[in-house]
Amino acid sequence: MTATQSKPAAAGETRTLTLIQAITEAMHEELARDERVVVFGEDVGARGGVFLATAGLQASFGKHRVFDTPLSEASIVGAAVGMAVRGMRPIAEIQFADYMGPGFDQIISQAAKIRYRSGGQFTAPLVIRTPSGGGVKGGHHHSQSPESYFAHTPGLKVVMPSTPYDAKGLLKAAVRGGDPVIYFEPKRLYRAAKGEVPAGDYTVEIGKGAVRREGSDLTLIGYGGVMPDVERAAQALAAEGVQAEVIDLRSLVPWDRELVLESVSKTGRAVLVSEAPRTANFMGEVAYVIQEQLFDGLLSPVMQVAGFDTPYPYVQDKVYLPGPNRIAAACVQALNY
Amino acid sequence: MIQPFTSDPLRWVSEDGQPIRELPARFTPELLRELHREMVRAREFDKKLVTLLRQGRTTFYAQASGMEATQVGLARSLRIGHDWVWPYYRDHALGLAMGVSMLDIVSQCLGTNSDLCRGRQMPHHFGSAAQNFVSISSSIASQVPPAAGNAMAQKYLGVDEITVCTFGDGATSEGDWHAGMNMAGAAGAPCLFVCENNQWAISTHLREQTASETIHIKAKAYGMPGYYVDGNDIVAVIEVLSHVAEGVRSGQGPALVECLTYRVGSHSNADADAEKNYRTREEVNEWLARDPIVRVERLLEHLGAPIDAGEIAELTRATHREVDEAVLAAEATGQPDWQIMFEDVYADIPVHLREQEAFLRAEQTGTAVGGRA
Ligand SMILES: Cc1ncc(C[n+]2csc(CCOP(=O)(O)OP(=O)(O)O)c2C)c(N)n1
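Those protein sequence lines, which keep their order, are chains Y and A. Each residue of the first sequence is one higher than the last, beginning at 1 in UniProt numbering. Each residue of the second sequence is one higher than the last, beginning at 1 in UniProt numbering.
Derived by calculation from the structure, the hints in this document are not laboratory data. Using N, Cα and C, we set each Cβ at its ideal position, and we do this for glycine too.
Here are the simulated DSSO-like pairs of lysine-lysine, each with C-alpha atoms no more than 27 Å apart in a straight line:
1. A/K47 with Y/K137
2. A/K48 with Y/K137
3. Y/K208 with Y/K113
4. A/K276 with Y/K63
5. Y/K194 with Y/K318
6. A/K155 with A/K220
7. A/K276 with A/K48
8. Y/K194 with Y/K208
9. A/K218 with A/K155
Over the 10 Å line for every Cβ pair with chain A, so calculated as not near, a few chain Y residues:
10. P146
11. E231
12. A238
13. V289
Start from the sequences and build out the full structure, keeping to the hints where you can.
Below is the structure:
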């Protein structure tokens, strides 16, 4: 049990949690709420996961609910599909998003397609949780942002929270929904992101973005690990008298077009931020929809700040990431267009 | 005759260093001392690298303490610079014993300009073309199908080489492992698969990893012989591996050798409290008592050619000096420039990467005009 669970929740009470604590708490509560929920993956049991996201869960719920698997992502994802088809609610952990590769076929061929190819007779509501993104000196096999591969596959929902509140609410929504959800956890925010989380039960609807800051001069859009830097850039711009509206997408599939279009039609400018490599980056889709829907109202081209089209480097870890300066520079470019 | 598919690990020297079958003639005290020296060098390298990690001079390290006999013994069973190796991330004792220089390994761990891998990979993922030692990948078992292909190429090209592919016990659960084993078997490729079974995959014990009694029996399904060896007995490792390597070399097709050993330290620095979390101190102590280095020391005593303590202390000091010098030499070469990020992505730098490079140059020199990367 985590400390936050040991006292009964009073209505309206909130506590400050880190992103990873919120994730642990969401799993704890879902395991308690629904017996069909199980949590499994490599080292998630006694060890509590390499980042300790599942710490204490096996002690609370036993080895039949929270368990270690053999070292095989294909088995983990494939088994999750089978369990879900047979009526369970699996939450599977892939130790690093970089290791979704060996499970990729199971994700795109089985999890994503079983509802469609069976005419809805069989469904696979499951959650695949995985730490992603860079900034932790992990080199290319521990830093990648593979969300675009999954956003490109119909049948999967794809989410990536950046706050503890969203982390808990989105995970609960994912567990309770009817679809396979790829739930990316920006690992550099695990302990860096802290925030208020209600003690009671709540969900965050998948497919809804959030306005983090209101502004009228341009719209800054990001998700996941880049969000703190996006907000820093907005602060820096505010100091120069530029009011940026900041949107956290939270969900990539489906994504909140309405919120984005409403904001960009107000501001006339959009700067999209993602740390994934630029080519075929999910933000390309957002840019496309903005130009298609708002072409006449745009005051500048849609700008995109992304990772470089190189494997994630080890030594250049920090240079690679789009920090606040690079983001703010793109905003200035949009404003001066 | 060395038998495949034995129920107990093959062994020549008992845990307390007594020969339990006739010691092959080549294991002279001179050879045993050489092997001892290589194992101590690898052990002390481990200790020094853990210190570097604590000092924050590198960010990742996976110890191989306890596994030296398996790795040093494997190196001795190969034709170095001739055979090819697809190793995994715990194989620095193998690399050192194959002649990869301390400077090369340390440079990779520090990501300096002297790093042959150019600061791209996380630490402890070196590779060296001079030894045909292919750069290590983090992704478990992803080296197994390529190793099979490397061996298929050797067969196709008609060269007198073999391929060695190493991995841990956990790796044998991955689909890639089975795919690579099957491919090599079907192709009759000269591939020697070596499982360094240290019994734990991070916190997952072999018993939770597979319901199979041993790893080596899995070879049967892929049409190749499987051998079971005491991986802490360097005599057994060399006897079996060189015998099996010769079979592979002579066109008998692939083989799997399971070396039963133990990782005495933590999985990596991310896992410093193994004893607290998932395994018992007693188990670690039991395996410490089977230390492969001490076993050779006892054997040498038995043979009437003991190594004296002063000699070992000097060896330890010499290794520490060697690591220190490598660290200084590596650090003196500095950190690679950001430009190297754009090289080696493709054979030539395509135009979109040139643009991104130009953007970053402008950003670094304060002349950038926007955020487009
Ligand atoms: C495909 C993949 N999944 C997960 C990991 C994370 N991981 C790194 S080491 C490891 C355990 C490997 O155990 P084993 O193969 O037995 O080798 P050992 O570390 O014990 O020598 C895991 C799960 C990874 N590197 N690659």
